[in-house]
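Just so you know, the protein sequences line up as chains A, B, C and D, in that order. Read in order, the letters of the first sequence are residues 1 to 257 in the working numbering. Read in order, the letters of the second sequence are residues 1 to 257 in the working numbering. Read in order, the letters of the third sequence are residues 1 to 257 in the working numbering. Read in order, the letters of the fourth sequence are residues 1 to 257 in the working numbering.
One or more of the hints may lead you astray.
In this list, chains with the same sequence are indistinguishable; a pair is considered to hold if it fits within one copy or across any two.
Only pairs whose alpha carbons sit at most 20 Å apart, straight line, appear in this in silico DMTMM-like list of lysine to aspartate or glutamate [unchecked claim]: (1) K129 to D111; (2) K17 to D52; (3) K162 to E246; (4) K55 to E246; (5) K129 to E253; (6) K162 to E145; (7) K162 to E250; (8) K251 to E24; (9) K129 to E76; (10) K251 to E99; (11) K55 to D86; (12) K184 to E253; (13) K129 to E104; (14) K251 to D147; (15) K162 to E60; (16) K129 to D52; (17) K251 to D111; (18) K251 to E187; (19) K17 to D36; (20) K17 to E29; (21) K129 to E100; (22) K129 to D103.
It should be emphasised that the hints constitute simulated quantities derived from the structure, not laboratory data.
So the chains spell out like this:
Protein chains: 4
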Amino acid sequence: MIRVTIFNEYVQEQLNKRTFPFQESWGEEGIRLMSDRADEIAAAHEGGAIHDTLKALVSECEDVEVRHIATLEMPEHGLTEEVLADTDVLLWWSHLAQEEISDEVAHRVRDHVQRGMGVIFLHSAHMCKPMRELLGTSCTLRWREGDNEHLWCCNPTHPIAKGVPVCIWLEEEEMYGEYFDIPKPDELVFIGGFGGGEVFRSGCVWNRGYGKVFYFQPGHETNRAYFNPDIRRIIRNAVHYVANPECRQEKLECLPV
Amino acid sequence: MIRVTIFNEYVQEQLNKRTFPFQESWGEEGIRLMSDRADEIAAAHEGGAIHDTLKALVSECEDVEVRHIATLEMPEHGLTEEVLADTDVLLWWSHLAQEEISDEVAHRVRDHVQRGMGVIFLHSAHMCKPMRELLGTSCTLRWREGDNEHLWCCNPTHPIAKGVPVCIWLEEEEMYGEYFDIPKPDELVFIGGFGGGEVFRSGCVWNRGYGKVFYFQPGHETNRAYFNPDIRRIIRNAVHYVANPECRQEKLECLPV
Amino acid sequence: MIRVTIFNEYVQEQLNKRTFPFQESWGEEGIRLMSDRADEIAAAHEGGAIHDTLKALVSECEDVEVRHIATLEMPEHGLTEEVLADTDVLLWWSHLAQEEISDEVAHRVRDHVQRGMGVIFLHSAHMCKPMRELLGTSCTLRWREGDNEHLWCCNPTHPIAKGVPVCIWLEEEEMYGEYFDIPKPDELVFIGGFGGGEVFRSGCVWNRGYGKVFYFQPGHETNRAYFNPDIRRIIRNAVHYVANPECRQEKLECLPV
Amino acid sequence: MIRVTIFNEYVQEQLNKRTFPFQESWGEEGIRLMSDRADEIAAAHEGGAIHDTLKALVSECEDVEVRHIATLEMPEHGLTEEVLADTDVLLWWSHLAQEEISDEVAHRVRDHVQRGMGVIFLHSAHMCKPMRELLGTSCTLRWREGDNEHLWCCNPTHPIAKGVPVCIWLEEEEMYGEYFDIPKPDELVFIGGFGGGEVFRSGCVWNRGYGKVFYFQPGHETNRAYFNPDIRRIIRNAVHYVANPECRQEKLECLPV
């Protein structure tokens, strides 16, 4: 069984019910905008939260077990040493509160990936601390809400692309556009083309130490991308591709010989 | 001075004036279609031929000298040993008669690139023999005439992208779309997004032996892409980037030591 | 079952028993040298031929079936359309008669790889026509007989390196040294260090179209490298890694859409 | 002029004259060992300090100006905002006190590289905080003092290798061996082979945002590697290669469009 942990920031979903201390910095209009979105997210995601959607999605694999759901407000964001040691693949979705992740937990995630845990960063998680620490770049990009996307496969024999067509049409998707400030992917699997003319390296793999990182761009919070069967297939493929429990290391150290 | 040779197939431009033996295989309608195009090309290209446009374009650099114009119908397609030995960078445009290039000349071009000559393959030259021999793949793709393109830079510090904006708009351009069957580029510089939703790795660099290869997608025969100042800048940048006369080798051989 | 075909040049093994028309070009001393070697090869390889060793090696996998043994002197070198269509992975060993392979068969092998057949080029096969046609470089290198090698893994999570130690010691191996004129590997798995101080990119993967290419340097004809259990493990791993029958294509063509 | 800043930890050079608070953790024997080394370093480096050697080395270029020497014990380690804003290329040598660099300064260096400053990490700097933050891996390796090295060029047309022979012999060099835990280099330029049989990716380039990173392995503190004319040439080449002041960015931000 592949042991999966899902980290969902789980902030936007709750903004119509409660407040978070860090939201003050958004200003009144920002808060109102974000709160309105909470209802949209609830409508888009069965169960009401993005982690519910992701849990259902990966649970369709018989060889995958979701072991932990972690959210920002849990102690240590739900990502304790014990949880990560019990995780083969971590899925990460975050957006509004990237800076609220403690450095300690960000480093812990980075270290576990370097030692062999697989990780999948989804959509707006491109700016989360662990992704930027693993890639070493700013991960900045262009963006615009309310667009659509053709997602093209430029690596048809890649295991993550198995069983999906050369083009996936997403009627509604946030535009993410180049220049996307990432290191050259070890494997570029998908390129997105948006209604506004922009393009984006939407599916990228990097090796970091003993672990694999997959970044996948679709999945704006109010969209139904994660209910598209091909997108679901890609994420499930990716869980299998980045899982590598056999290579997990206890510690990485310089070795005098 | 960088010594440039331009190979232009120079078939389509002449189809309203003359015939070529190999055109029989196109069928009557194919011949008519291609002949009609000759007038369009003449209208799009000052001087009437694609090599005239390219010659004027690279000649804007004070440190570039166009030494030879080569075309399909010349003896050895104009690409004799003497011509290639006198060439630092070869520009190649071809389309209708890719198979008419002799294997001997194709191998000769490949060998000179491996020994240090730079080469720039333009637009439909993706299927020419020397490009396929240098890359080792089929170089096949999707295509459709009559589209437009946003050309995005995904490598903003690359010398070939120097001085050009992050996005270049081409009102008229043939669509070339993924899956483009090429080896992973050593350097991916541009990605195109087309009106029909397709995307394409439009600007790619590969190293082959002591030489550099640049493939650049814009430049359909009836378009004005080569008159766009940013496209012109890219091609001139590329001439400088792939030129490397200091590293030219006489012969590549296994060396017993 | 993974269907394997083994191509062995099968020239050196026979030089004490017979002559080949192309050997005249080696000169008298060359012929004597090569003939002497035939006995050494027979001593090193059970069954007397390199293809016997390779067949036994890959047959240790229960999910591998050796379908065809092909040699230079067979009609079409034993690599007919039918044989290649019946092959998921081709192993290729060659040395003395690289230029005796017909262009037609070399192109056929290249085309099958581009369409999804896996291929493993072993040792001196770095100069065979299909490898050079797939890579697009000269594949030249430095060499010297009578050395030893430490083979180091620089990619410990790679499937080809599964189950082998970080360093494999080969008491006897021909030195192959840099500069090795190959395109940048998509995946660099092993680097060799030789007694004379040379280094070499000894295990490299490239993707070409729908197929995978693995080059692996150990295996000089008179050595016992293929009887080292870790080398055997690597080759068996590689057979599994480059096999991808699901992605096999009928034809690669540009697609008007 | 290329503006260079040299960071040298400058701890070992002083250990026969003074103590540092952090040295207590080394234990008595460690302190004695390190203090003994101070005299050796003084003997190896004209001027007595590694930064003197590096300053003299890069100053041989007429188009390079050393603007700042920075050391660990300076306020902010000598790497203030002002200093980095005045720097096109940072050379970094460190060894004993990697953890003594403040996170703030490490992040500042990383940020300047992402925004376009070039950086060259030398020898034991593979474990410094900025390098690990830029690469996203542990940068761990095997090591052993008292070896020798053949440094081979596996990328002969690379600008960093210009003017140096295919092999450089270093009679005395610390062994650094694989597995070296780094991301796949964008450009692998040198591979080292050591007397003990180990190999190492000794010269590697990575792009990070708008900046370039070069790691170069030779340069153990008590050796004379930096007085080898070819090693000097490589470092001067690298200064020119990673310098890119034209592309320096003020800030990297996501851009709503």
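Against the structure, the hints come out as follows:
Taking identical chains as interchangeable, the C-alpha atoms of K129 and D111 lie at most 20 Å apart whether they share a chain (12 Å) or sit on different chains (14 Å). For the identical chains of this complex, K17 and D52 are intra-copy neighbours only, at 18 Å inside a copy versus 63 Å across copies, given an alpha-carbon limit of 20 Å. In this assembly of identical chains, K162 and E246 lie within 20 Å of each other by CA distance solely across copies; the values are 10 Å between and 23 Å within a copy. Taking CA atoms no more than 20 Å apart as the test, K55 paired with E246 passes in neither setting, with 24 Å inside one copy and 29 Å between copies.
For a Cα distance limit of 20 Å, the shortest separation of K129 from E253 across copies, 15 Å, qualifies, whereas the shortest one inside one copy, 23 Å, does not. In this assembly of identical chains, K162 and E145 lie within 20 Å of each other by CA distance neither inside one copy nor across copies; the values are 29 Å within and 30 Å between. Taking identical chains as interchangeable, the C-alpha atoms of K162 and E250 lie at most 20 Å apart only when they sit on different chains, with a minimum of 18 Å there against 32 Å within one chain. Taking the shortest alpha-carbon separations for K251 and E24, neither the intra-copy value of 40 Å nor the inter-copy value of 24 Å comes in at or below 20 Å.
In this homomeric assembly, K129 and E76 come within 20 Å of each other (Cα to Cα) only inside a single copy, at 14 Å, whereas the closest approach across copies is 24 Å. In this homomeric assembly, K251 and E99 come within 20 Å of each other (Cα to Cα) only across copies, at 18 Å, whereas the closest approach inside a single copy is 27 Å. Taking identical chains as interchangeable, the C-alpha atoms of K55 and D86 lie at most 20 Å apart only when both belong to the same chain, with a minimum of 16 Å there against 42 Å between chains. For a Cα distance limit of 20 Å, the shortest separation of K184 from E253 across copies, 19 Å, qualifies, whereas the shortest one inside one copy, 26 Å, does not.
For the identical chains of this complex, K129 and E104 are neighbours both inside a copy (10 Å) and across copies (16 Å), given an alpha-carbon limit of 20 Å. Taking the closest pair of Cα atoms, K251 and D147 never come within 20 Å of each other, the shortest separation being 44 Å inside a single copy and 27 Å across copies. In this assembly of identical chains, K162 and E60 lie within 20 Å of each other by CA distance solely inside one copy; the values are 16 Å within and 29 Å between copies. Taking the shortest alpha-carbon separations for K129 and D52, neither the intra-copy value of 23 Å nor the inter-copy value of 38 Å comes in at or below 20 Å.
Taking the shortest alpha-carbon separations for K251 and D111, only the intra-copy value of 9 Å comes in at or below 20 Å, while the best inter-copy value is 28 Å. In this homomeric assembly, K251 and E187 never come within 20 Å of each other (Cα to Cα): the closest approach is 26 Å inside a single copy and 24 Å across copies. Taking CA atoms no more than 20 Å apart as the test, K17 paired with D36 passes inside one copy only; the shortest distance there is 11 Å, against 66 Å between copies. In this assembly of identical chains, the alpha carbons of K17 and E29 lie at most 20 Å apart only when taken from the same copy (17 Å versus 62 Å across copies).
For the identical chains of this complex, K129 and E100 are intra-copy neighbours only, at 9 Å inside a copy versus 23 Å across copies, given an alpha-carbon limit of 20 Å. Taking CA atoms no more than 20 Å apart as the test, K129 paired with D103 passes in both settings, with 8 Å inside one copy and 15 Å between copies.
In terms of the numbered hints stated before, the structure departs from hints 4, 6, 8, 14, 16 and 18, listed from lowest to highest.
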